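Based on these hints, arrange chain B on the given structure of chain A.
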Amino acid sequence: MKRAGFASAGFASAMIGAIALLSSPHGMAETAAKKEIAGKWLTEAGEPTYNIANDGTVDWYTFSGFRRYHSECHTCHGPDGEGSSYAPGLVESVKTMSYPDFMVIVATGREVVRADKQSKMPALGDNANVRCYLEDIYVYLKARADGGLPRGRPAKRADKPGAAEKSEKECFGDR
Amino acid sequence: MHRHALASASLAVFAFATPAMANEDVLQQSARPEQWVLQTGNYTNQRYSKLAQINRDNVKNLKVAWTFSTGVLRGHEGAPLVVGNIMYVHTPFPNTLYALDLNEDGKILWKYEPKQNPDVIPVMCCDTVYRGPAYADGTIYHHQADTTLVALDAKTGKEKWKVVNGDPKKGETNTATVLPVKDKVIVGISGAEFGVRGHVTAYDAKTGKQVWRAYSLGPDNEILFDPDKTMSLGKPVGKDSSLKTWTGEQWKIGGGTAWGWFSYDQETNLVFYGTANPSTWNPAQRAGADGKPIDQKWTMAIIARDADTGVAKWAYQMTPFDEWDYDGVNEMILADIPVQGQPRKVLVHFDRNGLGYTLDRVTGELLVANKFDPKVNWTSGVVMDKNSPQYGRPQVVKEYSTFQTGQDKNTKGVCPAALGSKDQQPAAFSPQTNLFYVPTNHVCMDYEPFRVSYTAGQPYVGATLSMFAAPGSHGGMGNFIAWDAAQGKIVWSKPEKFSVWSGALATAGGIVFYGTLEGYIKAVDEKDGTELFKFKTPSGIIGNVMTYSHNGKQYVAVLSGVGGWAGIGLAAGLTNPTDGLGAVGGYAGLRDYTALGGSLTVLTLP
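Heads up: the protein sequence lines correspond to chains A and B, in order. Per the working numbering, the very first residue in the first sequence carries number 285; after that it's consecutive. Per the working numbering, the very first residue in the second sequence carries number 719; after that it's consecutive.
This is chain A alone, in the form it adopts within the complex (with noise of 0.2 Å):
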């Protein structure tokens, strides 16, 4: 049976708080193609982006998003986003899957026939593990993606903002 995915409360929720952040004044720097919001970068389209300092520090999305990503895809997908003898490199599919169809797959799961296989991804949007990180591991995967952050930990990670904070707890219906 499908799972509900989207339609949770928390998922909702969480895409209210990230909506309030975007229309939040306060806390607003820009770069050159790409803006701050909050510790939380932007692209010009208003699309979930990472940010890496010149002395290497990663805002703390990026970073929350290698976490999860290990926590959540890694037992699948392999180390780094690069793949595995199991489940497809997610650095290569990022890099022409918008943020929109990324959700999409995440949260309703894939499942593919072929002559040869059998593959079928989970249906992660009702896993607050996944639902609440969804941007976070986003702009991770990008960061790898385009090169801009290599294998592994990264070295230095920006402070947890209290945005990201609270609309955690709000998505976990907590506390």
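Among the clues, some could well be false.
Some, not all, of what chain B presents toward chain A, calculated at C-beta under 10 Å [what the hints assert, rightly or not]: (1) L791; (2) Q984; (3) P1177; (4) G1281; (5) W1283.
Think about it this way: if two alpha-carbon atoms lie no more than 25 Å apart in a straight line, the pair counts; the simulated SDA-like pairs of lysine to any residue are [said to hold, decoys possible]: (6) B:K887 to A:K440; (7) A:K453 to B:I971; (8) A:K401 to B:W828; (9) B:K833 to A:S403; (10) A:K379 to B:A1313; (11) A:K453 to B:A1005; (12) A:K440 to B:K1127.
None of these hints come from the bench; they were simulated from the model. As the structure is a computational prediction, the values presented were derived from the model and not from experiment. Even for Gly, the Cβ is constructed at its ideal location relative to N, Cα and C.
Frame of chain A, contents of chain B only:
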């Protein structure tokens, strides 16, 4: 009823088979060195063959006799079985089973392909592996990924009965083999990374009716522990031995699955197996009400149960309050060896936590617990003083305690990595040398635990980890070692480029076989590990080497087909933390050496 017809049908194929119970049949059939009727060779799990036609002098001449493609790409664990003139070859999901005619170089006599819901695929942590069926009394017992246990007529492949052991919607799956004992078939369950509450279950071998089920965690009447009679380290376990070591109702999603191997001792009528990690991987979420570590029994334990009733005779927890994912499921090898000058009936176990244990299998007395990889650093050792309150407990080194370092903090340089100094790939024992031959991983990790929430049927992990080859060593990710279980010492150690993820086979020919992740099947001298033979098979080997004899000729067979935890973790190569961040350094990626594809390679002398 069917007995007479069945027995006479079997007689045609197996001249010596007049079994009264599966037990006796397995004992008789597995005593014939020309066959391989259980995944582990026989009830002792020794993986030793008396066949000696292939020996240390002529093994270099081995040539391929025939090969067989399984048609499945995923990781191929386990080994083929040989019963009479038939070889049985299994595959990972969809768990196809082939019966091959040894009289015609593997012509397919019958094929069994179960229909399974593909929803089971993503709830199998770490690949859709399967460690194979078992044979007893004219029947092949086959345990599918979706936990359907099916009994098949060994001659025709016809279903005799089927029973469902678990619910994949909750993350319950199967990867393990089964063990036919007496009039029962013993099976386990996987899914500790999904918060499954582990159990072992016995089904009636003739009908598939459930006889007993023993959980790893929970109330005494569900874990089948007798507070007064079940012993641990020489003392009765007492009332609520599991419940009182958990906070609240966490045991209900507490893991401790049984996805490894089973062995059986006829004399004591005990079945031995190990239990997996507690869920989640974030120890802070499992701490006691006082915020301190709490044991989480009986995860990470060796358990000895009466085969008829399931009641535990003894148990020993190796890694109380796991902080690293060191599942205790690896095989329990039964052997009779002298320890400190006294003949002992022992159980030897090489744990993921890097310690090689020797216990008295009758009483559960702990005899030896030593590191089988010198790089193991999370513990300073196990307290062996029976008068100490810490008796039998590993002493955790603060620097490598992911719990003491804390949530959201990175604990660096822990050895071994979560995949263990050794995973499920079984070791072998040779009664010729009294040595154990152990495929090992030489990999360490950084581990950062963090908060996760539980959703039924979803991963419940809660830690991120980076793995790398053991620093300050030979640079490879594995060793193949010989171990003296009486002394708790490495006798020799042969470095390997990758983790050795293939089960070993020792033979009376004075040689030991194993496979490598690049795809080599190798033979080494039992005395010193000298490499005597190697041949590169079509794909990386995570299967176990077996041997049999047909028409007077000895054969050695192994399944290739890279995958499993090894294929996932090592395909892209590991990073080297000392080379600067993210550098892949000199560490090889498995994908540069091998690609997917299940196949069987059968070797013999020309």
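Hint check:
1. L791: holds (5 Å)
2. Q984: violated (39 Å)
3. P1177: The hint holds - P1177 (chain B) has a Cβ within 10 Å of chain A, the shortest such distance being about 6 Å.
4. G1281: holds (5 Å)
5. W1283: holds (8 Å)
6. B:K887 to A:K440: violated (39 Å)
7. A:K453 to B:I971: holds (22 Å)
8. A:K401 to B:W828: holds (22 Å)
9. B:K833 to A:S403: holds (15 Å)
10. A:K379 to B:A1313: Since the Cα atoms of K379 (chain A) and A1313 (chain B) sit roughly 24 Å apart, the hinted pair holds (cutoff 25 Å).
11. A:K453 to B:A1005: holds (21 Å)
12. A:K440 to B:K1127: holds (13 Å)
Comparing the model with each earlier hint shows violations of hints 2 and 6; every other hint is respected.
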